[in-house]
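Engineer: So the sequence lines, in the order shown, correspond to chains A and B. In terms of the UniProt record's numbering, the first sequence has 110 at position 110, counting the first letter as 1, and numbering is strictly consecutive. In terms of the UniProt record's numbering, the second sequence has 197 at position 197, counting the first letter as 1, and numbering is strictly consecutive.
It cannot be assumed that every hint is accurate.
[What the hints assert, rightly or not] Computed footprint of chain A on chain B; a stretch qualifies when at least three of its residues, placed anywhere within it, have a C-beta under 8 Å from a C-beta of chain A:
1) 62-76
2) 125-135
3) 179-185
[To be verified] Taking lysine to aspartate or glutamate pairs in the DMTMM-like style, the calculated list, with each CA pair at most 20 Å apart, reads:
4) B:Lys47 to A:Asp72
5) A:Lys121 to B:Glu77
6) A:Lys47 to B:Glu77
7) B:Lys47 to A:Glu144
[As the list claims (entries may be wrong)] Residues of chain B clear of chain A, computed beta-carbon distances all greater than 10 Å:
8) Ala21
9) Glu33
10) Asp35
11) Ser51
12) Leu83
13) Gly146
Everything labelled a hint here was simulated from the structure, so no lab data went into it. Beta carbons: idealized from backbone N, C-alpha and C, even for Gly.
There are 2 protein chains.
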Amino acid sequence: MRILIIGGNGTIGRPVANHFAKENEVIIAGRSEGDLKIDISDSTSIKEGLSQIGQLDAIVCIAGEAKWANFDELSEEDYYIGLRSKLMGQVNLVRLGRNHLNPNGSITLSTGILADDPVVKTASASMVNGGIHSFVQAAALEMENGIRLNVVSLGVVQDAYEKYRDYFPGHNSISMEKAVNAYVRSVQGRGNGQIIRFYE
Amino acid sequence: MRILIIGGNGTIGRPVANHFAKENEVIIAGRSEGDLKIDISDSTSIKEGLSQIGQLDAIVCIAGEAKWANFDELSEEDYYIGLRSKLMGQVNLVRLGRNHLNPNGSITLSTGILADDPVVKTASASMVNGGIHSFVQAAALEMENGIRLNVVSLGVVQDAYEKYRDYFPGHNSISMEKAVNAYVRSVQGRGNGQIIRFYE
């Protein structure tokens, strides 16, 4: 398979890319580094990136940001950071990316446990994750040519646990092996419209 | 109680307003008609509207729109109709409205069954509803002065069933009585951060 992994140099993206690279051709995209540059918050950047790489069998997005802050500090504009990047970035990736997929290809997006079990400071981040969950279920109904669309929603992964544990009181970490498996399930399984939740 | 109902002249808003008006002071706001004009897609309009009415005990929003269209016809800009109106309109209402509430007041937002069980043509509408569900759970963690935040998510209501039934194959309608009760549960109950789902 030819697999494009956007954010394939990140904390989760790197082990996912390493896993798939064992038996597949993996192309890594990122905002600043990788085989090619894609900034998902800019649909022109998505279009240009995709136009450079020919047909794919799978697109995996492990990228996108949203602002974390106390609710009373989040301005209207702050919410639009997440709306443009993690929300519409991933929506646009589906809109534009499916035309670059071979029949029976797949698109895998990423959210996180905040969609279902938020913590303080995440009014914006949780909102964006929850929006993607419902989007995936809806858009999956209209995929064609056997193309599948799923989203992976993980708890705090082991390699980010030290950094984030104070924000997630009582949350348990997800091993990197399990994190990788969530993406394998989406890419190599046959599910469509699934929210693949790996929480502990 | 003094209750502001935004969208209080709509299919669901009117019976909700009539119910609460029996024992409360109800102020109805709408884009074009009502006791005062509020267009939730414009945060300046929300601010101006709220500044005219003094302190409240409850704010109920049964307003907001999103574009319905086949997935391959929805442009990037089409998604922003829902993001500005039903999503950020309701977020801004919480941001700005809570400062106009008496202690132990409440804010009730509205979504719908699409958040959990979407149908064709609703990639944008479902996304917006799902985003609000996660937002409410997150923002509710940071409400102060006893202020509560909930969201009502209804199936297709009886009075809109004929108009929408072809879009919702096999969905059952929700009686207007049940629809009203969902809002009563939010406003007069003690729950915070709840997604009040009334599906059949």
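Engineer: CA of lysine 47 (chain A) to CA of glutamate 77 (chain B), is that 20 Å or under?
Structural biologist: Status holds; Cα separation ~16 Å.
Engineer: When I compare C-beta atoms, does the region 179-185 of chain B have three or more residues closer than 8 Å to chain A?
Structural biologist: As far as the region 179-185 of chain B goes, the hint is violated, because 0 residues have Cβ atoms under 8 Å from chain A.
Engineer: Regarding the pair lysine 121 (chain A) and glutamate 77 (chain B), is the alpha-carbon distance no greater than 20 Å?
Structural biologist: violated (28 Å)
Engineer: Counting residues of the region 125-135 of chain B with a beta carbon closer than 8 Å to any beta carbon of chain A, are there 3 or more?
Structural biologist: holds (count 11)
Engineer: Regarding the assertion that serine 51 (chain B) does not contact chain A, is the least Cβ-Cβ distance greater than 10 Å?
Structural biologist: About 17 Å separates serine 51 (chain B) from the closest Cβ of chain A, which puts it past 10 Å; holds.
Engineer: Confirm or reject: leucine 83 (chain B) is not an interface residue toward chain A, with every Cβ-Cβ distance exceeding 10 Å.
Structural biologist: The claim breaks: leucine 83 (chain B) does not keep its Cβ more than 10 Å from every Cβ of chain A (closest is about 6 Å).
Engineer: Is the nearest CB of chain A more than 10 Å from the CB of glutamate 33 (chain B)?
Structural biologist: holds (26 Å)
Engineer: According to the definition I'm using, a residue is off the interface if its beta carbon is farther than 10 Å from all beta carbons of the partner; does glycine 146 (chain B) meet that for chain A?
Structural biologist: holds (16 Å)
Engineer: Is alanine 21 (chain B) truly not at the interface, in the sense that its beta carbon sits beyond 10 Å from all beta carbons of chain A?
Structural biologist: Fine: 31 Å to the nearest Cβ keeps alanine 21 (chain B) off the interface.
Engineer: For lysine 47 (chain B) and glutamate 144 (chain A), compute the direct alpha-carbon distance and say whether it is at most 20 Å.
Structural biologist: violated (44 Å)
Engineer: Going by Cβ atoms, does aspartate 35 (chain B) stay more than 10 Å from chain A at every point?
Structural biologist: Aspartate 35 (chain B) is indeed farther than 10 Å from all Cβ atoms of chain A, at 25 Å.
Engineer: How does the coverage statement for the region 62-76 of chain B fare against chain A, requiring three or more residues with Cβ below 8 Å from a Cβ of that chain?
Structural biologist: holds (count 5)
When held up to the earlier numbered hints, the structure conflicts with 3, 5, 7 and 12 and fits the remainder.
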